[in-house]
Amino acid sequence: MAYSTTIINFMITILISLILSSTISESYVHRSSSAPFKPNTLILPVMKDFKNNLFATTLHKRTPQIAVPLVLDLNGRILWLNCDDNYLSSTYRAPICHSVQCARAGAHSCHKCGSSPTPRPGCHNNTCSVIATNPITLKNSVSELALDVVTIRDFNGSSGSNASRRWATDPHFMFACAPSSLLQGPLQHGVRGIAGLGNTPVSLPVQLASRFGFRPEFALCLSPWGIEGTMLIGNIPPRMLPKIMFYTPLTVGAQGDYSIRIRSISINNKNVPFNTSLFSKTKGFGDTIISTTVYQTVMEHSIYKELTQFYVRELSRVPRAPAVPPYGLCFFIRAIWPTAIPDINLYFQNRNVRWRIRGYDSLFYVTREVACLRFVDGGTNVRAPITIGSHMLESTFVHFDLARSRFGKESSREASKGFLCRDLWT
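In mature numbering (1 follows the signal peptide of the UniProt record, and there is no 0), the protein residues as written are -21 to -1, 1 to 405.
It is worth saying that the hints were derived from the structure and are not from the lab.
Careful, some of the hints might be misleading.
To be verified - Label-pair ranges, simulated between beta-carbon atoms:
| id | residue 1 | residue 2 | range |
| --- | --- | --- | --- |
| 1 | W204 | G232 | 28 to 36 Å |
| 2 | G164 | S295 | 23 to 31 Å |
| 3 | V231 | S160 | 27 to 35 Å |
| 4 | P165 | T359 | 24 to 32 Å |
| 5 | T116 | E207 | 25 to 33 Å |
| 6 | P165 | G358 | 40 to 48 Å |
| 7 | R242 | P301 | 56 to 64 Å |
| 8 | Q163 | I206 | 38 to 46 Å |
Unchecked claim - EDC-like, lysine to aspartate or glutamate: derived pairs with alpha carbons at most 16 Å apart:
| id | residue 1 | residue 2 |
| --- | --- | --- |
| 9 | K249 | D149 |
| 10 | K284 | E348 |
| 11 | K17 | D133 |
| 12 | K249 | E293 |
| 13 | K17 | E207 |
| 14 | K249 | E285 |
Ideal placement from N, C-alpha and C gives every residue a C-beta, glycine not left out.
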């Protein structure tokens, strides 16, 4: 009897082992067949807010998933969202204070949300505190570091019916959960936050590069019309780049912001004669910032003064018009032939590499009769000697290669008026 019981128990054990083995095997096969998709390049749409001259993209976020509009901040260190207004997601997580995620985000202080708060997104005790910044108003807010799902479309180098229909998911994307008060200012209705693109461990492009294992780089093509522009993140092979690109060294500041070095400026291929004291004051212009949240190009007062005086001499036969703020130099364009408007060139560290601003693109057309030079006097207390505004990024292709510390711009099209971003892939 004991022998029979032993045999039965042995057979039951074998049967259970076979069932478990089969279950584990099926589970493994299922996981393998549904392994997360790892893309090489990701694509995001970019639209212009004409009222405020800002550029926004849309991320698919949360669980259940929704489309989240965000303003692009080229120099922002982190992506932040308004979490006060019904942030509902079953996959939201807030890392505990002093965790690995906090260290990666540079968050070394603990977040407090009152003595006995009702836990909700953006309001937990003993989580990580990060600083979120509104780049338009320059206001800051202490916010909660959070994790949630982000889904972005794959890009295969084609458009239309040939475009990839696959989506890549980062289930643990880090962002700042900020209060609604930070959204105050001239932002388009419906915008939920800011997408920081700076070179920091928690910016949008760097996080995605780390998650999917591709090179940290991204490219922008901003459309000045009501037509969709493009942002590419990830490996950008040569076949996806315009045929002719120029590159110059890219410098990264302490907060992850980007700058390039401009050595000189010419108008009508004539060097603007900046005096020695001016060069000493600005260290040869110093590092020039590129921005997507400042639309017109801003110059330190002494640089602006020299530039505009030289420009006026080149257009001495064209009658001046009253200034139209924020522009300080305007003309009656009825007296100007389009070919008579001088080109402006910004020369980089390598004198053979230049950023060319065609004559017609250097003017802002206020009316049919009046146009103003698209440079603004920033005064003497400026963040950088020159801030290149987003209008100079429109209708062209710019490449931020973080892995090789270089900035690239398309030079063949030179901001052609007929150029569409989708032309790059067709």
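Now the hints, each set against the structure:
Here the CB-CB span from W204 to G232 is close to 32 Å, well matched to the stated 28 to 36 Å. The given range of 23 to 31 Å is broken by G164 and S295, whose C-beta atoms sit roughly 41 Å from each other. For V231 and S160, the Cβ-Cβ distance of about 30 Å falls inside the hinted range of 27 to 35 Å, so the restraint holds. Our hint of 24 to 32 Å for P165 and T359 holds, since their Cβ atoms are close to 25 Å apart.
The hint said 25 to 33 Å for the Cβ distance between T116 and E207, and at roughly 27 Å that hint holds. At about 20 Å, the beta-carbon gap between P165 and G358 misses the expected band of 40 to 48 Å. At about 34 Å, the beta-carbon gap between R242 and P301 misses the expected band of 56 to 64 Å. At about 30 Å, the beta-carbon gap between Q163 and I206 misses the expected band of 38 to 46 Å.
With a C-alpha separation of about 51 Å, the suggested pair K249 and D149 falls outside the 16 Å cut-off, and the hint is violated. For the proposed pair K284 and E348, the alpha carbon gap of about 24 Å is over 16 Å, so the pair is violated. Straight-line distance between C-alpha atoms of K17 and D133 comes to about 9 Å, which keeps the hinted pair within the 16 Å bound. In summary, the hint linking K249 to E293 is supported, as the alpha carbons are separated by about 10 Å, within the 16 Å threshold.
With a C-alpha separation of about 25 Å, the suggested pair K17 and E207 falls outside the 16 Å cut-off, and the hint is violated. Under the criterion of a C-alpha separation no larger than 16 Å, the hint pairing K249 with E285 is consistent with the structure, at around 13 Å.
In terms of the numbered hints stated before, the structure departs from hints 2, 6, 7, 8, 9, 10, 13, listed from lowest to highest.
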